[in-house]
Amino acid sequence: MLHAKIIDIKKEKIEVDKAENFISSSKFGASLIFKGTVRENNDNKKVTGITYDSHDAMVIKSFEEIYNDVDQKLKIKDKAVYIEHVKGYLGLGEISIIIAVACPHRAETYILSRYIIEEIKKRSPIWKKEHYENEESEWLKGNPIQAN
Amino acid sequence: MKVKLELFGASRDLSDKDFLEFNIEKKTSIKDLKKKIINYVDEKFKGNENYKKIIETSAFCSEDNNIISENYKITKDQKIGIIPPIGGG
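Protein chains in written order, with the numbering used here: chain A, 108 to 255; chain B, 11 to 99.
Just so you know, these hints were derived from the structure itself, not from any lab. Computed from a predicted structure; not experimentally measured. Mixed in with the good hints there might be a few duds.
Stated by the list, open to error - Computed list of chain A residues with no C-beta within reach of chain B, every gap over 10 Å:
#1 Gly143
#2 Glu147
#3 Ser203
#4 Pro211
#5 Pro232
#6 Trp234
#7 Trp246
#8 Asn250
To be verified - Dumping the calculated DSS-like pairs for lysine-lysine here, alpha-carbon to alpha-carbon at most 30 Å:
#9 A:Lys228 <-> B:Lys44
#10 A:Lys228 <-> B:Lys45
#11 B:Lys83 <-> B:Lys36
Every residue gets a Cβ at the ideal spot worked out from N, C-alpha and C, and that includes glycine.
Construct all of the structure, not just a fragment, from the sequences and the given hints.
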């Protein structure tokens with residue numbers, strides 16, 4: 108069971124309650140909610156906010172592929188996964204990503220949650236532009252995507 | 011033929027719009043399209059090395075949202091997305 112969505116922050120909110128409701132089931136004995144938030148410092152620069160950009164269709168496709176890979180790579184078949192990522196401007200402390208997972212047992216939830224965030228960083232076309240105290244801003248260096 | 015290059019991430023700095031348009035010959039490859047974009051940077055941004063590096067390290071995607079190789083041939087008017095190095099989360 109997967110929920111995957113890009114949240115355009117100008118139009119809607121990213122909400123932890125929705126994630127919790129989605130993964131809630133008596134089938135599962137363990138659940139874990141990971142939130143990524145905007146940090147005030149990066150590379151010794153005072154950050155004031157981040158603008159997130161996204162290729163929406165490719166991001167959703169990558170979330171689905173990551174979810175589908177879990178069966179084969181991690182052998183975790185019984186699971187609920189909720190992934191939302193924001194696009195647009197966020198201030199300090201605001202949530203950029205929620206990954207909520209539920210599984211029958213706790214060990215699987217830790218493995219699954221970590222796997223998803225690391226794969227998103229490698230595979231999902233999302234970009235960050237950091238804004239600094241001196242009113243400058245810059246796109247962060249990322250990892251090149253490879254053709255299959 | 012025309013290709014509409016949709017801009018994402020750092021490549022958005024190449025234009026005030028969300029895209030660039032290039033006139034190309036039929037069967038132009040992505041490798042050749044890259045050269046055209048670099049020529050555009052030479053003309054428009056005095057060969058800005060940072061912009062060139064972004065183009066060199068970018069992947070490209072087709073209208074059906076697949077990453078395409080440098081040998082991919084463009085055979086009709088279409089949209090191509092430029093995908094600079096990524097890093098969300």
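Evaluation of the provided hints:
1. Gly143: The assertion about glycine 143 of chain A is violated, with a minimum of 5 Å to chain B.
2. Glu147: Check passes; 17 Å lies beyond 10 Å.
3. Ser203: violated, 7 Å
4. Pro211: Fine: 27 Å to the nearest Cβ keeps proline 211 of chain A off the interface.
5. Pro232: violated, 5 Å
6. Trp234: violated, 3 Å
7. Trp246: Its Cβ does come within 10 Å of chain B, the nearest being 4 Å, so this is violated.
8. Asn250: violated, 5 Å
9. A:Lys228 <-> B:Lys44: Roughly 25 Å between the alpha carbons, so the hint for lysine 228 of chain A and lysine 44 of chain B holds.
10. A:Lys228 <-> B:Lys45: holds, 28 Å
11. B:Lys83 <-> B:Lys36: holds, 8 Å
In terms of the numbered hints stated before, the structure departs from hints 1, 3, 5, 6, 7 and 8, listed from lowest to highest.
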